[in-house]
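Number of protein chains: 2
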Amino acid sequence: MTPPARTTNPRQDTSHDAPTDLLAAEGQLAHVDLGRFRTEAGAFIPGAQLAYQRWGKFRGDPAGKNNVLLVEHALTGDSNAADWWGGLVGPGKALDTNEWCVICFNALGGCSGSTGPSSPHPDDGRAWGSRFPAVNIRDHAAAERSALEELGIHHVHAVIGGSMGGARALEWTLLYPDFVTAACVIAVSARASGWQIGIQSAQISSVTNDPAWHDGDYYASGDVPLAGLAAARRLAHLTYRGELEIDERFGARAQQGENPLGPHRDPQQRFAVNSYLEHQGAKLAQRFDAGSYVTLTEALNRHDIGRGRGGLNKALAASRVPTMVVGVDTDILYPYHQQEHLSRNVGELLAMAKVVSPVGHDAFLTEDRQMDRILRNFLSLSEQTPSATERAVTGGIYAI
Amino acid sequence: MTPPARTTNPRQDTSHDAPTDLLAAEGQLAHVDLGRFRTEAGAFIPGAQLAYQRWGKFRGDPAGKNNVLLVEHALTGDSNAADWWGGLVGPGKALDTNEWCVICFNALGGCSGSTGPSSPHPDDGRAWGSRFPAVNIRDHAAAERSALEELGIHHVHAVIGGSMGGARALEWTLLYPDFVTAACVIAVSARASGWQIGIQSAQISSVTNDPAWHDGDYYASGDVPLAGLAAARRLAHLTYRGELEIDERFGARAQQGENPLGPHRDPQQRFAVNSYLEHQGAKLAQRFDAGSYVTLTEALNRHDIGRGRGGLNKALAASRVPTMVVGVDTDILYPYHQQEHLSRNVGELLAMAKVVSPVGHDAFLTEDRQMDRILRNFLSLSEQTPSATERAVTGGIYAI
Chain G
1 MTPPARTTNP RQDTSHDAPT DLLAAEGQLA HVDLGRFRTE AGAFIPGAQL AYQRWGKFRG
61 DPAGKNNVLL VEHALTGDSN AADWWGGLVG PGKALDTNEW CVICFNALGG CSGSTGPSSP
121 HPDDGRAWGS RFPAVNIRDH AAAERSALEE LGIHHVHAVI GGSMGGARAL EWTLLYPDFV
181 TAACVIAVSA RASGWQIGIQ SAQISSVTND PAWHDGDYYA SGDVPLAGLA AARRLAHLTY
241 RGELEIDERF GARAQQGENP LGPHRDPQQR FAVNSYLEHQ GAKLAQRFDA GSYVTLTEAL
301 NRHDIGRGRG GLNKALAASR VPTMVVGVDT DILYPYHQQE HLSRNVGELL AMAKVVSPVG
361 HDAFLTEDRQ MDRILRNFLS LSEQTPSATE RAVTGGIYAI
Chain H
1 MTPPARTTNP RQDTSHDAPT DLLAAEGQLA HVDLGRFRTE AGAFIPGAQL AYQRWGKFRG
61 DPAGKNNVLL VEHALTGDSN AADWWGGLVG PGKALDTNEW CVICFNALGG CSGSTGPSSP
121 HPDDGRAWGS RFPAVNIRDH AAAERSALEE LGIHHVHAVI GGSMGGARAL EWTLLYPDFV
181 TAACVIAVSA RASGWQIGIQ SAQISSVTND PAWHDGDYYA SGDVPLAGLA AARRLAHLTY
241 RGELEIDERF GARAQQGENP LGPHRDPQQR FAVNSYLEHQ GAKLAQRFDA GSYVTLTEAL
301 NRHDIGRGRG GLNKALAASR VPTMVVGVDT DILYPYHQQE HLSRNVGELL AMAKVVSPVG
361 HDAFLTEDRQ MDRILRNFLS LSEQTPSATE RAVTGGIYAI
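Chain order of the listed sequences is G and H.
Take the first sequence: its letter number 98 is residue 98 in the UniProt record's numbering, and every next letter is one higher.
Take the second sequence: its letter number 234 is residue 234 in the UniProt record's numbering, and every next letter is one higher.
Derived from the structure by calculation, the hints contain no laboratory data.
One or more of the hints may lead you astray.
To be verified - Beyond 10 Å from chain G on every Cβ pair, some chain H residues (computed):
no.: 1; residue: A220
no.: 2; residue: S221
no.: 3; residue: E258
no.: 4; residue: E367
no.: 5; residue: S380
Unchecked claim - Reference excerpt, derived from the structure (chain G facing chain H, CB under 10 Å, subset only):
no.: 6; residue: A63
no.: 7; residue: R191
no.: 8; residue: I197
no.: 9; residue: R234
no.: 10; residue: R241
no.: 11; residue: G242
no.: 12; residue: D247
no.: 13; residue: T295
Beta carbons are placed, not taken as given, at the ideal position from N, Cα and C, and that holds for glycine.
One chain only, chain G, in its complex shape (with noise of 0.2 Å):
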């Protein structure tokens, strides 16, 4: 058969009913109830909320072939997609949200409008803390679908992430793969690795040793764990950025004004690099809770594509949502390897693209000329396919 003719195009056409009353207004944040969220390993959240963000006017079939992009941030991002994405998200940009409707959503777990365990609890109205169970990569995925759901939309075009981001694309394609058309699986992996689990359980530890965690339950202690999420993330940020870039950057040079080669070792005469380090720890530890922090970085640690579904290779075999695998030369944290990794097993590889930089695994938040190109290419590419419903309707037989 031949790709659905053009003039079909959700994109110009209008003579779907669109639920567009049910969406939240351009670029405002709202909130979906899901109800009793059920986690995979068997925990319970009441009340369970996501929060999310909309650009672009919905266009299609909300069970079809629609215009929507469903964008999946990273570990401390959230749903303000065209803020942490802006050169790439927005009118006349890759994803073009004068014919794309693109919707993305705060992780469960997350602190930014999703709940998390800095919510309420709904019994007590204190915060959940260490009541708040463990979530996974596939509880993400579960959480949007639902609230998608919830918002009369039950087909997207396409799932696109990076980093955790990308783990949660991933994830959609297996767990719901008649829901989605196509996806873009940028700068991660099939599961963690052992290097990951044990860099990522470090920056666990660095949260949790803190005195001021208090067991998860600081939050009405009047103490926070601003120390060990700042250690954290500093760890952290020397995974995503390149050690070439940092060294170009920063190399063995001093901070301006202080001493770090002095007779003897003084915590306040630093490399320019530790200056680098603590600003950015600072800064995160004053805008994310460490609760969430511990719990999106433990969804991290779980990230397995092949639990139960008989081990990795398998697992991608059997994918059949057309798939753009995007990694970056450079990346520290989840090297390139892995998505070649990925390219090769995955049941339906839409295409393969490397970012070349120094700049390590953030590449694919910094460097948006090449991601531009990436992502025109990705959806010029998942314009041609038929969705997945689509072949299994016609049998799996399809020509580009």
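Given chain G, work out where chain H should sit, using these hints.
Below, chain H without anything else, positioned relative to chain G:
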């Protein structure tokens, strides 16, 4: 000119007076008094001592051609090279103690016999603690040179070391080119990179943020910052091992009998990799002093052969000592491009070798077969090379 005739090979030559009466008995730990040691940064260590061990009979000229190989240990190593490099140091091994006289010092600031923070201060007999000054790699080399002079040795055939030992070997070639015939510099860089300073400083903070640290003066407190030191080591270990090797060994497996995927995060229910890292951390904390860990890690932060010498490349270009450079392809801590940089810029490159291994940085300690070939090759090349002293006499013109 032709190389020195092989009949003068000091390994067979017994015509010189050897200072063996001053040297420690084979394999026995001994100490050398340095008196009042002054650091490059201007602090003083009165009553400084270095511990060392010696294997193989000294032969040759104590001030000229002889059979001494100075082996330099890594961060938490010690003078017992026949132990930590057991596959490479000994009778018939690459560093053959039937032929060569191998000498290995414990670094100044260490805790295996040399003066460090845990040593008694000569004024009051209490541990040096926070009074112990910062030392750098140049101080290490200077202390070792003084100690060799005390032992009646005024020239060595070669200095050989990996990681922090490689940094010392490199500084030896620049500080005392007339003292060494050749150098083998393994798995290190010309200076600490910004990334290295960042990750090493995270380790220092891990120790110094442990309440048991007592600002470095924990020795009489009854407390020991074991938790901080173990956490530092866990982190360090993730830079010592390749991510591929760690993933091959542990992946995302659960520790036997534990379930890290339960409904709530539970530090007692671990991934296997975390059990492994905890074991590594606890093992180091039991055998190593936290003060020495901080002192020696700080020495690595300060490693910069360009300081006061017109920058890295000018310093390297000025090197007159034939130097072999060795790296590991999967080294996260000292990436191979850093050894390529050394090899491109060192004044007198003897040879370059790459250890190919999934193990990462530690491969120079674990890949005995490859290191055996490399060290035998190094010694063979080094014997064909006139020492810097000899070249100085003949105006630098020589042929191999």
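Checklist entry - So which of those numbered hints doesn't the model satisfy? => result Per hint list: single violation, 6.
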